[in-house]
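Take the sequences, apply the hints, and build the full model.
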Amino acid sequence: MKAETTSSDSVRIPTPVEGIAVRVRRYNRDRAVIMHPKDFARLEALDHIHTLIAVPDEFKISDAARTAHIESITPGEPIEDRDELRRLFP
Amino acid sequence: MSRMVAPQGRAYWAVAPFAPEPPFRLYAGEGGPPVDVADARRMRAAAEKVEQHDFTLLMSVKPRPILVISTVLPPYDEVIALRLKRLNTLSDSAAERVREGTDDGLFSLPPDDFPGLELENAAIVTSMLRLPLSALDTSSELGVINQQALVSLHERVASSVGLRLDLQILRKSQELLREIGLRMDR
Chain Y
9 MKAETTSSDS VRIPTPVEGI AVRVRRYNRD RAVIMHPKDF ARLEALDHIH
59 TLIAVPDEFK ISDAARTAHI ESITPGEPIE DRDELRRLFP
Chain P
551 MSRMVAPQGR AYWAVAPFAP EPPFRLYAGE GGPPVDVADA RRMRAAAEKV
601 EQHDFTLLMS VKPRPILVIS TVLPPYDEVI ALRLKRLNTL SDSAAERVRE
651 GTDDGLFSLP PDDFPGLELE NAAIVTSMLR LPLSALDTSS ELGVINQQAL
701 VSLHERVASS VGLRLDLQIL RKSQELLREI GLRMDR
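Going down the list, the protein sequences come from chains Y and P.
Each residue of the first sequence is one higher than the one before, starting from 9 at the first, in the numbering used here.
Each residue of the second sequence is one higher than the one before, starting from 551 at the first, in the numbering used here.
Hints in this document: simulated from the structure, not taken from any laboratory.
Among the hints, a few may not be true.
Said to hold, decoys possible - Residues of chain Y clear of chain P, computed beta-carbon distances all greater than 12 angstroms:
1) Glu12
2) Ile42
3) Lys46
As the list claims (entries may be wrong) - Listed next, the in silico SDA-like pairs over lysine to any residue satisfying Cα-Cα at most 25 angstroms (straight line):
4) Y:Lys68 x P:Pro660
5) Y:Lys68 x P:His704
6) P:Lys722 x Y:Arg50
Cβ atoms here follow ideal geometry from the backbone N, Cα and C, with glycine treated the same way.
The following block contains the structure:
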C-alpha cells in the first residue's frame, strides 16, 4: 500500500483513493491515516485471517498413510537365535 | 568422534524402538527366561511394593532409516525423528498423491535430495520417535530436505497430533505489530 503525507493544519479530509493511505501528521508524528473504505475492509479481512490461521487445519490421514503408520510400529519376528546373532554381530 | 550439532532435516540409519506393549517382557538375569507381565495394572501394582521400581524391558528394535525433524534437544542430546516408507510398496495412485504433496500423512522425500536411500521414500508424518543421538549412525548421511520443505513438514506434524500453536502465532503477530508501531513512532 502506498502512503502520502499531509499536514493536520490543512486537513480537509481528501477523497480517499483505493490503494493510497493518507497519513495526517503533526509535529513529525502520524496523527491519523485516511484510507479508502475498500482498503479498510482489506485490513479488517487481514485481522480476521489472523484469527483463522491460529486454528490448525484438519489432518486427514489416507489409507496409504494409515497402513504405512501401522506397518512402521508393528514389529516383525525378532531374531533371537544365539548363533544367528553371533553371526550378525561377530 | 565429533559431536553432531545440526542433524535437523537429515536422514540417517538409526536403531528405532517399537513402543512397548503387553505382555511386558522383563529381563530376569543371565540364564533365565524373561518374566512376562500381562498388563500395565500389574506393573503399577509391583511399583507400589518397592521404592525403587525400574525394570529392564526386552523390547523390539529395528535398524531403519529415519528423518530427523528437530534440532538436538538438551539436556540429553536427543532428537525427534520420523520413520520412512518406501513408495514402491504403495499403489501407483497413492505414490503419485505423495509426490504431489496431497497426502497429509506421507511427506515426499525426492530421490535427488536423498542419494543415500536406495529407493524413493516418504516420511510417515504420524510416526514421531524420540531418539538419543547415539542411536543414530551419523557416520553417513542419507540425504537432507530443504528448509522450506522442513517448515512445511513441521506444520503437518503439528497438525497430525493436534498441537495448538494459537498462542505462539498470536504472540509473534503481536510482536510484529508492536515493531511496526515502534517504527511508525520514530
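Taking the hints in turn, this is what the structure says about them:
1. With 12 angstroms as the threshold on Cβ separation, the claim that Y:Glu12 sits away from chain P holds: the shortest Cβ distance comes to roughly 15 angstroms.
2. Non-interface call for Y:Ile42 relative to chain P: holds, since the shortest CB-CB distance, roughly 15 angstroms, exceeds 12 angstroms.
3. Its beta-carbon lying about 21 angstroms from the closest one in chain P, Y:Lys46 satisfies the requirement of being farther than 12 angstroms from that chain.
4. For the given pair, Y:Lys68 sits about 22 angstroms from P:Pro660 by alpha-carbon distance, which is consistent with the 25 angstroms threshold.
5. Distance hint between Y:Lys68 and P:His704 is fulfilled; the C-alpha atoms sit about 16 angstroms from each other, no more than 25 angstroms.
6. Distance check on the hinted pair: P:Lys722 and Y:Arg50 sit about 21 angstroms apart at the alpha-carbon level, within 25 angstroms; holds.
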